[in-house]
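Sequence lines, in order, name chains A and B. Per the numbering used here, the first sequence starts with residue 61, numbered consecutively. Per the numbering used here, the second sequence starts with residue 61, numbered consecutively.
If you're looking for bench data, these hints aren't it; they were derived computationally from the structure. Keep in mind that the hints are not guaranteed to be accurate.
Pairs count within a copy or across copies, as identical chains cannot be separated in the list.
Claimed, not checked - Quick list of in silico lysine-lysine cross-link-like pairs, DSS-like style, CA-CA up to 25 Å:
| id | residue 1 | residue 2 |
| --- | --- | --- |
| 1 | K575 | K629 |
| 2 | K629 | K639 |
| 3 | K294 | K276 |
| 4 | K386 | K648 |
| 5 | K318 | K130 |
| 6 | K390 | K575 |
| 7 | K395 | K283 |
| 8 | K434 | K94 |
| 9 | K567 | K646 |
| 10 | K318 | K142 |
Protein chains: 2
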Amino acid sequence: MEKYISLQNLEFLLYDVHQAHLLTQNKLFSNHTKQDFDLMLSSALEMGDRLMRPYNRIMDANEPQLVDGKIIVHEKIKDFIKACGEGGWISAHFPEKDGGMQLPAIINNACGYIFNAANYSMSIFPFLTAGAANLINTFANETLKNIYLPKMFSGEWQGTMALTEPDAGSSLSDISTMAIPLEDGKYQIKGQKIYISAGDHNACENVIHLLLARIKDAPAGVKGISLFIVPQKKITENEELVSNDVITAGIFHKMGYKGAPIAHLSFGSNDNCIGYLVGEEHKGLSYMFQMMNEARIGVGMNAVGIASAAYYDSLKYAKERPQGRKIENKDIAQKQVNIIEHADVKRMLLFQKSIIDGSLGLLLQCALYADKEKTATNSEEKEKYALLLDFLTPVAKSYPSEMGILTTSTAVQILGGAGYCRDFNVEQYFRESRIHPIHEGTTGIHGIDLLGRKVNLKNGKAFKYFLRELYDTINAAENIELLEIQIDEISRNVYMFSSITKELLDKIEKYDIEKMLSDATLYLELVGILAISWQLLKQFVAVQNHQDENFKQGKIFAFHYYCEYELPKIQLIRNRLEKNDFLTVKMKEEYFL
Amino acid sequence: MEKYISLQNLEFLLYDVHQAHLLTQNKLFSNHTKQDFDLMLSSALEMGDRLMRPYNRIMDANEPQLVDGKIIVHEKIKDFIKACGEGGWISAHFPEKDGGMQLPAIINNACGYIFNAANYSMSIFPFLTAGAANLINTFANETLKNIYLPKMFSGEWQGTMALTEPDAGSSLSDISTMAIPLEDGKYQIKGQKIYISAGDHNACENVIHLLLARIKDAPAGVKGISLFIVPQKKITENEELVSNDVITAGIFHKMGYKGAPIAHLSFGSNDNCIGYLVGEEHKGLSYMFQMMNEARIGVGMNAVGIASAAYYDSLKYAKERPQGRKIENKDIAQKQVNIIEHADVKRMLLFQKSIIDGSLGLLLQCALYADKEKTATNSEEKEKYALLLDFLTPVAKSYPSEMGILTTSTAVQILGGAGYCRDFNVEQYFRESRIHPIHEGTTGIHGIDLLGRKVNLKNGKAFKYFLRELYDTINAAENIELLEIQIDEISRNVYMFSSITKELLDKIEKYDIEKMLSDATLYLELVGILAISWQLLKQFVAVQNHQDENFKQGKIFAFHYYCEYELPKIQLIRNRLEKNDFLTVKMKEEYFL
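One chain only, chain A, in its complex shape:
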């Protein structure tokens, strides 16, 4: 089995960097030991090796098909979902009282990363079910919970998020799916949803849609959107499953991520589709947003998982492929060297490694904030971690997603012509990585979220907490020899981040919100780069006493590489953000010829 993640690296990040084992000292997670965590990780890897990895390419080459109104997926998906149900993976993160393991998010996400890397398309089925179940568990009444959660946790029923409509993608306020109140408290649902991942398939016996719709006569915009459970099949009194008038109107054929079916669903075309309100009326979008951080961290993990698999494939190839000779020794009589000996190939590997190590560190950091929010003993501490998570979520979703395109592209480049052919895996990763800057909010949307909302959250409190986190790490690193230059450089960049943020906020008053936000995507990238350098510095600090000298050197080189090749981009972005020409605002449609 070829390597797709490094367990050594994952354990280093979890324990040496993020001290995840200390969570067990807290009452909430006291049902676990570090040994339990280790067992979860090794079980995930075993499942990845056995149930997922062997079918990664096969699933890509054999897309789901819509046959007689039903989407047929690869047969091995059923085995995996079943194993996830039986092993308690779908509910692992849920409270014990609700049937879960009460596993910390950081461990849950680390296991998710292994699944993502093993077979991204396969990994999304239980991930989506867990997300939908989380909404039910948090906001639905006991009756609904009792009906839906057990079957979802067991993997018998699939869960989905049904948000997007043909005319409402990024603009959720324009959702038009209707919910008409019936006399028995249920609702009649009518509308179209598109791009619904796992929206229909034959590996589960029912699909439970967590669907956003507008109750008849509800206010316009986001304040009139409610959340519903809409099962594909209704449960009769005899516990039989019968049609709920949810029709699979189409399947989308995609560039990558091909093993997972993405459906176009038609609800209530025969006026016979029943939905169940979750929580209160008109609060659907706010419920959804409370779960959004989790989903978005998940997407970041998807991206890093795929990037990891591509990195290890290209590393293996570079170590085994002889081509050319060292540049200072072109003696043709000598054997060709493996391409990993060429500096430019090492550069391409370091690029991948630094991005992946930093991104994975950042995503686990976010998961840890979610855990610490839960274990916080006072409201101030609780707020602190909630704000840190809120602030970093757009960054942790977008940076790994955007960079995943570049790191998988670099993996293809290392394999050269072979990498462009379907005999190798890397081209699949390149295609798959392209989805992540799009779904769960495009990068542009996240830029606006960060600069337009998160920076000012609670009067800038979130921003200040993040700054403090950065300085804490810098301070922790200051006693390490040979690091002075990098520390100065990172400090300088933190200062630039801080000052440009203030300048940008001032632009609202001097100009307008559109102008202020016109380069928000660049600001998002700036924060992303800073966050990665912060995480790599943390890893640099934590690795100082590591026993494996090669592992230690790898971390040191990855950190230095990032400081040299990526970190300086902050200066450029800062320079751009300072400008007030508003080129992209002033550019007109008719000039594009």
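Put chain B on the given structure of chain A with help from the hints.
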């Protein structure tokens, strides 16, 4: 028919920027008028619309297949090749005395760009034949020319370049295909070639391979490689075609570029494959390299062609897709605006536009140098244009190729979820663009070529000529108002380029060649950015008196965009190139964990 190139822009670049019509004043091209050039362009566009574009998606979805030892391609490819033969397109660039039109390279390449954008996979068939025919025409004897050229020019026979072998990709010195001299002056060929574009297919009746092989007992390395014509089918005395023991051993299934077959060929597995020496023994690689500039400019054009098609698709979508409202006006009662009104979408369009306009300008510039080399009236001038072309070839090949990945990726992003689905074209362009940094020399190879060879060509004469070209354009721009800041900025960057080049060359003596070249890929990017800003400045100057105000504004914004968002990267790269830590040289294989 949706737009895939802008004829207005192409004509502006050819005539207003590069003054291509002035070539007709020269004897060599005096058989043409500007009207002829215009006719060629409009004919190319008509062919693109009629014969190519309608099959772009269909060919992608229906890859060539190897059936009973023969590769079967889409039936419409034959029509296009035939039309190219009948219209004189394959031989257009050849001298009239050899049966061509004696068309300038700049016009020939402009037409190629149209074909590339219309249907990249289809466009490569005649392009490859023309390249192979050019080798025959330049280096083979009259007998061989008379046998092969007419059938290649007519499109009846396909031409290929057969270089790569399983153990010799980037390292051509390791080619091991053997050529054993026979008594009649012919050679018996034996070996394996892989990744041969159009290496076998049923749209032509024969395939003529221009093949590199090593004559028995030849010196090792590049100095022992010879060039052969190896036809797939031999011609008998009765002009019948019979097997030449060239077996199609396999077909490569690729991520993109799927309409074109890439073959694994086995030559002489029954010891019955005959080859004909082209030119002299052991000079094969030098012949090949004399044609390489042309092929590499061609690859750059391929990349820009695909990027153009993606740009126009995303522009059309942005103009038609309503989503969200202006950021300062979130009134849900108002209709959604088209996404082109969002600043971030305009940023993504300007990114594509500036890269494409600049890259296309650069590639036409290179073609013009090739023309001017031919029309030069004295040896100094001839050398000047030859050196400029040599110097810029790695840049004009690599920058558009590398950036093509990013611009097509941006096109996908503009379409969002739709862009990820195969109902739209952009995902195809994203997959296709990934090949160009790999074939005809990887980006890493071109970096080494530029910094390790081209910069010092003729004691730095090529470099100096390029500097002079940059300053000529800067001087021409100095009288234009409102441009002072950009001119200063470009001048500053030209100075940085000049000084860092000298510093890098000094590193050979202080350190060693490996260290000096360790960041050659970054140096290549630096020169690429500078070259694009130079071309966009040229366009800025040339557009000043343009009658179409919208077109003019588009050029001005594209130039400003590039100066603001891309040009400053030179400073970063310069800073990196100045360092002497040699991180990527010092990094060791065992640290990658």
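Evaluated hints:
no.: 1; hint: K575 x K629; in the structure: both (22 Å within a copy, 24 Å between copies)
no.: 2; hint: K629 x K639; in the structure: both (16 Å within a copy, 16 Å between copies)
no.: 3; hint: K294 x K276; in the structure: within (22 Å within a copy, 77 Å between copies)
no.: 4; hint: K386 x K648; in the structure: between (52 Å within a copy, 14 Å between copies)
no.: 5; hint: K318 x K130; in the structure: within (17 Å within a copy, 30 Å between copies)
no.: 6; hint: K390 x K575; in the structure: between (56 Å within a copy, 15 Å between copies)
no.: 7; hint: K395 x K283; in the structure: between (70 Å within a copy, 17 Å between copies)
no.: 8; hint: K434 x K94; in the structure: within (19 Å within a copy, 74 Å between copies)
no.: 9; hint: K567 x K646; in the structure: within (16 Å within a copy, 45 Å between copies)
no.: 10; hint: K318 x K142; in the structure: within (21 Å within a copy, 37 Å between copies)
Of the hints listed earlier, there is not a single one the structure fails to meet.
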